[in-house]
Amino acid sequence: MSDQPKGGTTTAIGRTIVIRGKLRSDEDLVVKGRIEAEITSSKGLHIESSGVVKANVSVQSARISGTVVGNVTAAAKIEIAPDGRVVGDLLAPRIVISEGAAFRGRIDMQNFDEPRQAAYPELAGSAGVAASPTDYAVSEPGGGAALSAAAGGEAEDGEPKGKRKRV
Amino acid sequence: MAQSDDDKTILGPTLEIEGEIEGDEDLIVQGRISGKISCKKNLTVAGSGRVEASVSTRNLSVSGQVVGNVEATERVEVQREGKVIGDIKAPRVIIADGAKFKGNIEMGVD
Numbered sequence: 067m068s069d070q071p072k073g074g075t076t077t078a079i080g081r082t083i084v085i086r087g088k089l090r091s092d093e094d095l096v097v098k099g100r101i102e103a104e105i106t107s108s109k110g111l112h113i114e115s116s117g118v119v120k121a122n123v124s125v126q127s128a129r130i131s132g133t134v135v136g137n138v139t140a141a142a143k144i145e146i147a148p149d150g151r152v153v154g155d156l157l158a159p160r161i162v163i164s165e166g167a168a169f170r171g172r173i174d175m176q177n178f179d180e181p182r183q184a185a186y187p188e189l190a191g192s193a194g195v196a197a198s199p200t201d202y203a204v205s206e207p208g209g210g211a212a213l214s215a216a217a218g219g220e221a222e223d224g225e226p227k228g229k230r231k232r233v
Numbered sequence: 012m013a014q015s016d017d018d019k020t021i022l023g024p025t026l027e028i029e030g031e032i033e034g035d036e037d038l039i040v041q042g043r044i045s046g047k048i049s050c051k052k053n054l055t056v057a058g059s060g061r062v063e064a065s066v067s068t069r070n071l072s073v074s075g076q077v078v079g080n081v082e083a084t085e086r087v088e089v090q091r092e093g094k095v096i097g098d099i100k101a102p103r104v105i106i107a108d109g110a111k112f113k114g115n116i117e118m119g120v121d
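Protein chains in written order, with our numbering: chain A, 67 to 233; chain B, 12 to 121.
No lab work stands behind these hints, which were simulated from the structure alone.
Since the structure is predicted, the reported quantities are computational estimates derived from the model, not experimental observations.
Check the hints yourself; a few may be wrong.
Listed below are the simulated SDA-like cross-link pairs for lysine to any residue, each with C-alpha atoms no more than 20 Å apart in a straight line [what the hints assert, rightly or not]:
#1 19(B) with 116(A)
#2 47(B) with 87(A)
#3 120(A) with 106(A)
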């Protein structure tokens with residue numbers, strides 16, 4: 067349960083389930099089965115390692131441990147876990163592809179200048195000051211936390227990847 | 012990774028599916044489904060569930076609303092709060108006091 071998206075209700079689509087057509091949701095979605103239906107959700111999508119999605123996906127955030135064939139659009143973030151496989155185009159302000167993940171397609175982080183400044187306002191403030199690489203690493207608490215969380219999730223999957231944690 | 016979820020799928024209240032669902036596990040519908048449902052185990056349409064589909068399953072229990080024909084290999088039960096519009100074909104059909112139903116019922120009696 068701990069690796070499921072937090073908050074509100076969650077729909078878990080079981081291993082033997084096959085859905086074709088169109089799917090809309092305002093709750094977190096965990097996919098363990100097979101979906102050949104266009105997914106539109108205002109919340110998170112987690113495709114577990116047994117999950118297969120063959121359609122376009124448009125969600126708030128996506129974490130892919132299974133297989134996706136189709137374009138993925140996320141308002142916040144797309145993460146392909148080490149056991150994830152994606153064939154299609156990704157569109158999101160933040161995209162993570164973990165070591166071991168398989169991906170073929172295009173990536174568009176949109177106007178990536180804007181979200182970066184929003185995410186690290188302290189950088190924007192000190193833009194005139196020459197920031198050394200270490201300064202940059204220290205002054206990104208949001209990114210650091212997300213990375214540690216991702217590393218934690220991988221450890222659960224039985225693949226400790228402590229070295230991936232950024233210092 | 013909750014093991015208890017493994018043979019049960021709950022389609023939550025905000026979920027809308029247009030199309031086809033197939034499954035070999037218990038299915039609980041709290042949202043909206045239109046199209047076709049084939050479930051080899053137990054299908055439950057909860058109070059908030061709205062199904063506009065042809066349904067084939069083993070057991071069906073309706074507390075919500077079903078519009079469409081239903082075929083069950085074992086049993087169909089329309090609960091007190093349930094509403095079904097469509098034909099039901101099943102060896103055993105239960106319609107509770109207070110339930111709403113419109114359609115034909117075939118229990119396969121000769």
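Taking the hints in turn, this is what the structure says about them:
no. : hint               : in the structure
1   : 19(B) with 116(A)  : holds, 15 Å
2   : 47(B) with 87(A)   : holds, 10 Å
3   : 120(A) with 106(A) : holds, 13 Å
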